[in-house]
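S.K.: The residues making up each chain are set out below.
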Amino acid sequence: MTISFQLNGTAHRLDVEPSTPLLYVLREELGLHGAKYGCGLGQCGACTVQLDGKAVFSCVTPVAAVEGRTVRTVEGFGTPDRMSPLQRAFAQEQAAQCGYCIAGMIMRAQALLDEKPKPTEAEIRTHMQPNLCRCGTHMRILRAIRLASGAAA
Amino acid sequence: MSAQMNRRQILAGGGLVVAFSLAGSALAQLAGGGEGGGGPPVERPDLPGSLKSTPELDAWIRIAPDGGTTVFSGKAELGQGIRTALLQVAAEELDLRPGQITFVTADTARTPDEGLTAGSHSLQDGGTAIANAAANVRKLLTDAAGKRWNLPPERLATSGDGHVVAPDGSKLAYGYLASTISLHVEAVANAPRRNPAQYRTLGHDLPRVDIPAKLTGGEAYVQDLRLPGMVHARVVRGPSYGTKLANAHLATAADMPGVLKVVQNGLFAAVVAQKEWQAIEAMRVAQASDYIRTIDVLPVEDGRRRLQSLPSREIIVLDTHDPSRKDVRTIKSAYSRPWYSHGSIGPSCAVALFRDGVLTIWSHSQGIFDMHRATAELVGLPPEKVRVIHTPSAGCYGQNGADDVTAEAALIAMELPGKPVRLQWMREQEFGWEPLGCAMMTEVEASLGADRRISHWKYRVWSNSHNNRPVRAGGYAVAQEIAKGFPMQEASPIPMPEGDGDRNANPLYDFPNMDVRYHFVPSMPLRVSALRSLGAHLNIFSLESMLDELAHVAGADPLEFRLAHMRDERARAVMQAATDAFGWSHRKRGDGRIGCGMAFARYKNIGAYCAVAMEIEVERETGAITVHRVNVAVDAGQPVSPDGIRNQVEGGVLQSLSWAIHEEVTFDESKRTSFDWGSYPILRFDQVPESVSVEVMKRPGLPFLGAGETAQGPTSAALANAIADATGVRLRDMPLTPAKLKAAIGVTG
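So the protein sequences, as listed, match chains D and R. Heads up, the numbering used here is the position in the first sequence plus 6, with the first residue counted as 1. Heads up, the numbering used here is the position in the second sequence plus 191, with the first residue counted as 1.
Mixed in with the good hints there might be a few duds.
Okay, the calculated bits of chain R under chain D, using three or more residues with CB under 8 Å as the criterion [to be verified]:
| # | region |
| --- | --- |
| 1 | 352-363 |
| 2 | 579-587 |
| 3 | 869-878 |
Derived by calculation from the structure, the hints in this document are not laboratory data. Just so you know, even glycine gets a beta-carbon here, dropped at the ideal spot from N, CA and C.
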């Protein structure tokens with residue numbers, strides 16, 4: 007089955023099995039690394055991408071569901087030389103240890119900032135609730151999101 | 192090789208043979224990473240850190256004629272930032288800019304064998320080796336320049352960018368100087384180190400070199416490796432360790448789209464497909480079967496208490512006597528922790544390629560040098576035909592599935608010569624099959640004298656070995672599944688001063704009449720191995736909880752009570768620093784809801800010092816715990832990267848809170864029942880403290896002290912102490928869940 011969607015500003019047409027989770031299409035067919043396999047159950051957020059501006063779990067989103075829609079991954083935000091403001095805030099706060107969860111954290115946080123540029127602390131914590139970090143980098147992740155929102159980190 | 196020959200020739204002909212034999216097992220243990228790995232033999236016990244086992248300078252540092260400098264480390268980046276910290280050490284002592292150095296880590300074909308990357312040893316052993324190797328190289332380069340200019344080396348300096356400088360301002364480049372000398376020489380023990388007052392890189396916050404790729408979707412992990420022609424594998428097995436499938440549907444799976452091969456070897460089975468999702472779908476079809484328990488049923492009735500009824504070997508840790516100290520009041524308490532999962536966010540993954548008789552493995556194991564030997568034995572190749580390249584993954588925090596998944600990828604790759612095979616465990620396989628962190632039990636009986644000081648300390652700890660890392664093929668779970676299998680590697684304790692179940696069971700405090708014993712339990716009710724801080728977590732929890740219980744009986748302030756028993760000035764300093772920053776003297780007093788607690792430990796009594804103070808609030812109606820604020824002080828010797836230490840310690844605090852409040856592996860008689868994040872919840876954003884503040888003590892020029900695990904014990908203990916302060920209820924069995932707290936408040940309230 008042919009699926010068409012926008013990915014990071016570019017139109018893609020792919021011939022893929024429609025039940026394949028978006029995660030595997032992004033990683034294997036399109037060669038991206040940002041979205042990670044963490045649980046395959048939508049419980050950890052390592053696979054988080056944006057679908058029409060909302061944070062979704064790509065591990066439980068069948069690729070058929072993105073037909074005609076817009077997908078963004080962390081690769082669409084910036085590169086090491088030209089980071090997005092949120093990526094720069096994560097770098098400034100050194101908000102990563104192993105970093106396996108971080109692309110998903112950035113995707114979810116950006117969805118909040120796009121909708122509400124100056125969220126409160128409680129709104130940030132509630133919004134980030136679905137994403138797990140095992141290294142305990144939470145305090146820095148929160149600081150980075152506050153920094154990117156223009157609040158004092 | 193020739194350097195080793197030289198070494199042996201020197202040993203054979205020289206007077207160092209005695210020194211060599213005196214090095215003994217303790218040094219070999221240290222060389223193995225201090226955590227029970229095989230470890231390379233000690234060749235030069237007089238040298239610092241890992242130079243003991245690899246004394247040749249060019250094993251660590253090479254400088255090309257154009258000045259290109261490469262530094263080699265046997266330590267691996269696990270997400271702890273060690274690559275950046277070691278680069279800072281190398282840059283400082285070579286007196287180069289970090290950007291001028293190419294840094295190569297943990298590769299059995301390229302780097303020194305430094306044993307495991309574990310036990311907070313990387314800076315103590317690896318960092319010390321690189322610092323001294325670099326100081327040696329800088330000295331040789333400076334000496335070479337002195338000869339060239341006919342000037343004494345004391346009058347020369349280095350420029351910070353790869354030149355030796357004469358008093359008249361003349362310069363000679365490192366590349367040129369290196370071409371006039373050989374670095375294929377052994378280190379000397381006393382090469383002059385740079386003056387801490389003039390450090391350009393060490394002690395400064397160099398942004399971590401691995402972070403930009405992690406923020407932008409770069410190829411950062413073994414999970415991201417894509418080799419030409421790579422295929423995807425999944426293992427087909429029962430729900431958890433100690434089970435097998437009754438009727439795996441392998442033939443059906445073999446006919447599914449994209450499936451290239453079904454590997455079957457004894458009880459071990461795997462599917463290999465062109466694409467990853469095809470492999471997962473085939474695995475699911477193959478696994479749609481009932482399962483059979485293959486070993487003893489799990490201890491549902493008595494849980495962690497099973498450890499006390501199993502046969503054990505008693506190890507005497509401390510036995511001191513001072514009959515002049517009399518007991519007036521004695522109290523007893525028992526503490527415990529459950530089996531924990533490492534809970535890596537990324538399930539374990541490896542890539543293996545068997546081509547032209549050589550097996551190459553990309554693995555996130557902490558022990559690639561042991562793996563080199565153990566995997567060779569498993570697949571039946573000579574070790575020289577196996578190469579292991581460490582490749583980062585999600586944090587492991589000890590022995591998760593990394594070693595097992597690599598061994599399995601290697602077995603599959605041997606069946607598909609020429610094809611790179613990528614194997615990743617599923618989330619439920621990681622929870623079901625990884626070695627867990629050990630459950631443990633402790634019992635303490637302590638007395639106060641008439642002076643309200645501790646007069647007697649009797650301590651017992653029961654634990655399995657925290658040291659089941661594979662050093663032979665039998666250390667892998669799959670070794671007991673394959674047709675031509677290997678017997679399970681025998682469990683053994685790690686001797687003190689590192690210890691495993693008894694790690695930090697030896698109080699740093701000044702107690703008389705100490706009777707401390709470790710009941711080492713060889714047989715494992717659940718499969719276990721190393722989890723960050725090993726036994727130190729429960730031993731510090733027990734000691735520091737009991738200190739508060741004793742202080743309460745003595746009517747003493749917890750801080751004053753600790754200081755009254757502590758002579759070590761650096762220990763006193765971190766306790767003072769953390770509590771000063773916290774405002775301990777004017778803290779809120781326990782009022783039924785809000786309370787404060789503190790705790791201290793020096794990790795292993797030889798690593799970093801750490802003191803933690805925290806304020807919490809308990810919702811009495813539900814038992815829910817909110818951590819308001821945490822202050823930590825850490826003394827890691829000369830800090831290499833203060834922010835790197837803060838990052839590690841903040842993480843340790845949050846992970847320890849997660850262990851202490853939320854986590855426990857559950858099981859029924861036949862299998863583990865923690866198999867996802869719903870059945871094994873960990874700390875989420877709404878449960879993290881309002882603030883965590885870490886102060887890194889300034890200790891210029893003092894030896895590095897590993898800090899990666901130092902917060903685990905004190906944080907859990909400070910939490911229990913804060914709960915007791917807030918509610919008057921002492922919880923002793925982790926996890927300290929809201930349900931337990933609510934029930935305990937109800938009983939007492």
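S.K.: Would you mind marking each hint as holding or not holding in the structure?
M.R.: Against the structure, the hints:
| no. | hint | result |
| --- | --- | --- |
| 1 | 352-363 | violated (count 0) |
| 2 | 579-587 | holds (count 4) |
| 3 | 869-878 | holds (count 6) |
Consistency note: the structure conflicts with earlier hint 1 alone.
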